[in-house]
Amino acid sequence: MQLHVSTSDGVPLYLQIANQVKYLVASGRLVPGDEVPPIRVLAHQLLINPNTVARAYLELEREGVVHKRHGSGTYVSDAGSPLARKERLRIISERVDVLLAEARHLNVEPLELLKVIKERSQSIQPKETK
Amino acid sequence: MNTSAEPNAVDITGLSRKFGPKLALNQVSLQVRRGRVFGLVGANGAGKTTLIKHVLGRLKAESGLVRVFGFDPVADPVAVLSRVGYLSENRDLPAWMRVDELLRYTAAFYPKWDIAYAEELREQFGLDPRAKIKTLSRGEHAKAGLLIALAYRPELLLLDEPSSGLDPVVRRDILEAIIRTVADEGRTVFFSSHLLEEVERVADDLAMMFNGKVVLAGALDDVKESHHRLVFRFDSPQQTTPKVPGVLSLTGGGQEWTAICNGKRDEAVAAAARVGGMVVSEDSPSLDEIFVAWAGTKTE
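Chains A and B, in that order, give the protein sequences. Residues in the first sequence are numbered consecutively from 1, following this note's numbering. Residues in the second sequence are numbered consecutively from 131, following this note's numbering.
By construction, these hints were calculated from the structure, which means they are not laboratory data. Ideal Cβ placement from N, Cα and C applies to all residues, glycine included. Treat each hint with caution, since some may be false.
[Claimed, not checked] Okay, derived cross-link-like pairs now, DMTMM-like style, lysine to aspartate or glutamate, Cα gap no bigger than 20 Å in a straight line:
| id | chain 1 | residue 1 | chain 2 | residue 2 |
| --- | --- | --- | --- | --- |
| 1 | B | K264 | B | D230 |
| 2 | B | K354 | A | D9 |
| 3 | A | K115 | A | E102 |
| 4 | B | K373 | B | E355 |
| 5 | B | K354 | A | E102 |
| 6 | B | K183 | B | D258 |
[Unchecked claim] A few chain B residues that don't get close to chain A, going by computed Cβ distances all over 10 Å:
| id | residue |
| --- | --- |
| 7 | E219 |
| 8 | L266 |
| 9 | Y282 |
| 10 | L305 |
| 11 | P415 |
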């Protein structure tokens with residue numbers, strides 16, 4: 001699991017970690033049953049306070065993304081899918097907001113923007129193999 | 131004040147100190163809780179080192195109270211110093227000693243000195259045991275100082291500007307040492323720094339000092355979540371800084387101005403609206419930006 005945290009970002013570090021784990025789950029790079037690194041290991045890897053990692057895991061546990069197995073570690077939960085979808089939509093909505101704001105500054109109407117998205121989507125389709 | 135049975139690692143209440151006419155510390159109160167990493171932030175001359183000297187008992191409180199694990203560092207230096215590993219800003223190590231001599235010499239003072247741990251750190255830090263202290267590079271010198279602060283596993287690790295003037299590789303070693311200290315047996319770290327990026331990485335709690343005063347203190351996450359960055363767009367270009375009371379700072383030019391505010395977000399938005407400013411974007415400032423915003427406020 002490769003995470004990156006940035007201190008130039010205003011978002012608290014524990015939220016950056018929680019969001020990235022959710023992103024990894026939503027995008028399928030972490031699947032149910034996968035173990036996430038122990039708190040100390042991740043703290044050392046990211047060079048941040050272990051309490052911050054613990055808080056991120058607690059947050060993820062509360063939201064049902066991961067669960068603890070007593071004495072062994074923290075694992076990605078099975079019931080990840082409905083949340084994953086919600087999370088996927090949340091992530092994409094944020095990007096869309098940025099795009100819309102930029103479009104407005106450049107005087108591009110939403111309908112015109114939609115057309116551009118369709119065109120671009122078609123043009124990149126062949127390259128995108130799953 | 132802490133009223134529970136277990137005293138805080140550091141408890142400072144209403145501490146003031148004058149050097150001649152200059153008020154170096156002005157009614158400083160702060161608590162460093164056990165098992166936490168506390169970052170003390172401030173520009174040079176803000177009073178950080180003076181504060182740390184009080185914690186070590188090198189300065190006696192003129193007014194106010196200083197307690198370390200419940201002990202008075204001036205009245206009971208042994209109780210305090212046996213629990214504290216200290217790395218000073220200028221890392222005053224005996225220049226004529228060799229690294230191995232420094233370790234043996236320091237070990238003699240501390241019954242709890244861990245020879246195996248000291249050796250492990252020496253190897254990890256790449257210090258040649260036969261090298262003379264005075265021949266060490268700046269980074270090696272800092273690592274030697276850190277080694278002797280860590281090797282008796284103090285309950286409180288106290289670091290005064292630990293990474294000041296050091297390259298990123300050595301700074302990484304220092305951050306790792308801080309993280310390891312708290313990860314091991316929940317010991318406590320109190321460090322001062324002007325590198326906000328490092329404070330943000332490792333601190334649980336922080337205090338910001340300006341001119342001898344603590345202007346902001348709390349859990350790092352709370353501090354971050356209570357500050358907002360608002361970008362206002364005005365109907366017409368503003369020749370002078372618009373009057374938006376309640377914000378810590380307002381910078382920019384022309385039609386767009388960026389405000390940093392603490393908590394009072396809605397008041398700031400309403401105040402800006404009265405002078406023709408609308409919010410065009412809003413997000414969270416970094417700790418660095420929060421610090422700069424507070425530095426610009428008038429603190430007497």
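Exercise. Check each numbered hint from earlier against the structure, then list the numbers of those it violates in ascending order.
Key: 4, 5, 6, 10 and 11
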